[in-house]
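**Student:** Given the sequences, and given the hints that come with them, work out the whole structure.
Protein chains in written order, with this note's numbering: chain A, 43 to 193; chain B, -4 to 407.
Just so you know, these hints were derived from the structure itself, not from any lab.
Since no wrong hints were added, every one of them can be taken at face value.
In silico lysine to aspartate or glutamate, EDC-like type, Cα no more than 16 Å apart, as pairs:
id, chain 1, residue 1, chain 2, residue 2
1, B, K399, A, D47
2, B, K399, A, D56
3, A, K163, B, E349
4, B, K399, A, E52
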Amino acid sequence: MSLADDLYRETILDHYHNPRNQGEIANPSVQVEGVNPLCGDEITLFMNVNGDAIADLKLKSRGCSINMASGSMMSEVVKGQPLTEAQRIIELIKSMLLGKSADVMLPEELEDLESLQGVKKYPVRIKCALLPWNTLLEAIQNLNPGDNGKK
Amino acid sequence: MFNVQKIRKDFPVLDRQVNGNPLIYLDNAATSQKPAAVIESLKSYYERCNANIHRGIHALSEEATEAYESVREEVARFIGASEARSVVFTRNTTEAINVVAQSWGRANLLAGDEIVLTPMEHHSNLVPWQQLAQERQAKLVFLELTDDGLLDLNSARRLIGSRTKIVCVTQMSNVLGTITPVKELAQLAHAQGALILVDGAQGVPHLPTSVSELGCDFLAFSFHKMLGPTGVGVLWGRPELLEAMPPFLYGGDMISAVWRDRAKWNELPWKFEAGTPNIADVIAAGQALTYLQELGMDQVRAHEVELTGYALRRLQEIGDATIYGPLDAHQRGGVVSFNFAGVHPHDIGQILNESGIAIRAGHHCCQPLMRDLNVAGTARASFYIYNTREEVDRLLEALKEADKVMGHVACR
Chain A
43 MSLADDLYRE
53 TILDHYHNPR
63 NQGEIANPSV
73 QVEGVNPLCG
83 DEITLFMNVN
93 GDAIADLKLK
103 SRGCSINMAS
113 GSMMSEVVKG
123 QPLTEAQRII
133 ELIKSMLLGK
143 SADVMLPEEL
153 EDLESLQGVK
163 KYPVRIKCAL
173 LPWNTLLEAI
183 QNLNPGDNGK
193 K
Chain B
-4 MFNVQKIRKD
6 FPVLDRQVNG
16 NPLIYLDNAA
26 TSQKPAAVIE
36 SLKSYYERCN
46 ANIHRGIHAL
56 SEEATEAYES
66 VREEVARFIG
76 ASEARSVVFT
86 RNTTEAINVV
96 AQSWGRANLL
106 AGDEIVLTPM
116 EHHSNLVPWQ
126 QLAQERQAKL
136 VFLELTDDGL
146 LDLNSARRLI
156 GSRTKIVCVT
166 QMSNVLGTIT
176 PVKELAQLAH
186 AQGALILVDG
196 AQGVPHLPTS
206 VSELGCDFLA
216 FSFHKMLGPT
226 GVGVLWGRPE
236 LLEAMPPFLY
246 GGDMISAVWR
256 DRAKWNELPW
266 KFEAGTPNIA
276 DVIAAGQALT
286 YLQELGMDQV
296 RAHEVELTGY
306 ALRRLQEIGD
316 ATIYGPLDAH
326 QRGGVVSFNF
336 AGVHPHDIGQ
346 ILNESGIAIR
356 AGHHCCQPLM
366 RDLNVAGTAR
376 ASFYIYNTRE
386 EVDRLLEALK
396 EADKVMGHVA
406 CR
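**Tutor:** Shown next as C-alpha cells:
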C-alpha cells in the first residue's frame, strides 16, 4: 500500500480541495475554537441549534489535508441531525480513529468517513483527524442545558 | 580539508534506512545527529569514570571533575570568552535564558522599562521576557524586519532608547535563517546603557562565534544542536554581571557555607549550578566541540553557505514554492523554510518521510512570526556538516512527488 492509498485517498483530497460548509454564521447558538498546537491546525466551529437538532454548521479552518477533509465530511454528516445522533456519530468516529481493532464498517450514510481509517497507520496524524470532532463535541457540551436554540 | 563523505562515516545514524530508503536528515535546526566520538564518550564515562564531581577525594571523582571542568575551558575558547568562570552549564538554551530573565531581570527591571526583541524570536527567547514584563509592568518592544526578512537596523536606531534595559535577539532565526547584526545591535544597546542577550541556539552551531567580537553581554546555546548530547546548554555572561546576579536555583554545590538559617553563595560559575550537574553529557559535549574545532567553524559555515545557496536555487525552480527569509545564502544560515500553494506543510513532511527524508513542519516554536507571515506553519529543511548536494536533489524530487500525491496543486 502506498501513502496515496492509505492516507491521501481520493475522497480525502476532494474534501481537502473543496471543503464543504466553510464560512461563518453570524450570531450562532455556539462558537468554539479548536487548535492543534503541534502542527498549527486551527478551526473555528459555528453552530445553530433548532430545538434538539443541528440547524446549521459552518467551519473556518486552516490546516492540513487530513484536518480539512475530516472537518468537511463531519459538517456534511451532522448537519440536520439531532444533537444526540451527532454525539453518537462523534463517538463512532473517535472509536474508529482511536480503536485498536481493524477497519470499522460504517453505515452507508457515513461511508465517506471510512476514508479516514488510513490515518490510523500514521499516529501523528490522528490528532489532525480528531480536531473537528473534538471541537464539535465541545460545542455541544457548551450549549446551555435547557437552552434550545437561539437566545 | 572539509570532506563530507569522510564526515558522514563518523555518524552511525546515517547508515539507517527509513521506509526502505536511506535516511536523509534535514532537521538539524531541531537537533543534530551525533558522531561516534560523542556516543563513545558517554559509554566510556559510565564504564570507566562515573563519579560525582567537586567533592570526592577518590580517583574517579577527581577524574570526573577534571574532565567536566576542562570542557568549561574548551567552551570558553570556542566562543572567544576570556574567562572559563563566565561559562555556566545549564540544561539547554531555554534554561540559560530563564536564568537571565529570572535572576538579572528580577534584580534590575522596573515598571516602565523596556525589553527589546525581534519578531523572529523562538518562544524560548520570548515567553520568559513576557512573564518578566508582566511581573514588573515592563514593556516589550519589537524591532522590525525588512521585506526580505532581514533585521531592519533603522527600526533598531528608532526603538532602542533610554528606557531600554535589555535587548534580546536571536543570532540566527530558526525559521527565516536570517543572521542578526548582533554587533551593531550591541553598540546601539550599550550606547543607551542597556545590555544585550544573544540566543545562540541556531547561531553557535553554524557560525564562527566570538563573544568579544559580537560585544554581547550574555550568550545562550545548547549542545544538542551542535553534535553534542541533549541536556547540556550554556549561559555565558560577562563575569561582572554574573557576579552581581543572585542565584537562579538554590541547593547543593551552589553554596560556600551554610548555617541553619542562611547560606553564602559559591563563586562563579558554581553559584549558578545547583545540584549534581549533567556530568556525562557535559563531558561528551567536549567531544562535540573537539570535532567542530577540528573541522573549523569557517569551513562549517562555508559548506552550509554553498549547500543553502544550492537548495534556494533549486527550490525557486519549483512553480509555486514560497521561500521565507533572505534569498542570499551569505545573509542567512542553513535553514530553509518554504510552503507550496495548496499543500499544507504537515502533508509535505508526511510524504517526504515516505522517502526517508526528515524535515520539520509546523510553527517551529515561532507562533507570532507565523502570524506575521500569515501562515499556519512552514516546511523547513535545515542542513549541517554531513548533508550533501545529492540529498538536496533527493529532497526536490520528493517534493515534486508530494505535489503529485496532493493532486498537482503547486507545480502547475
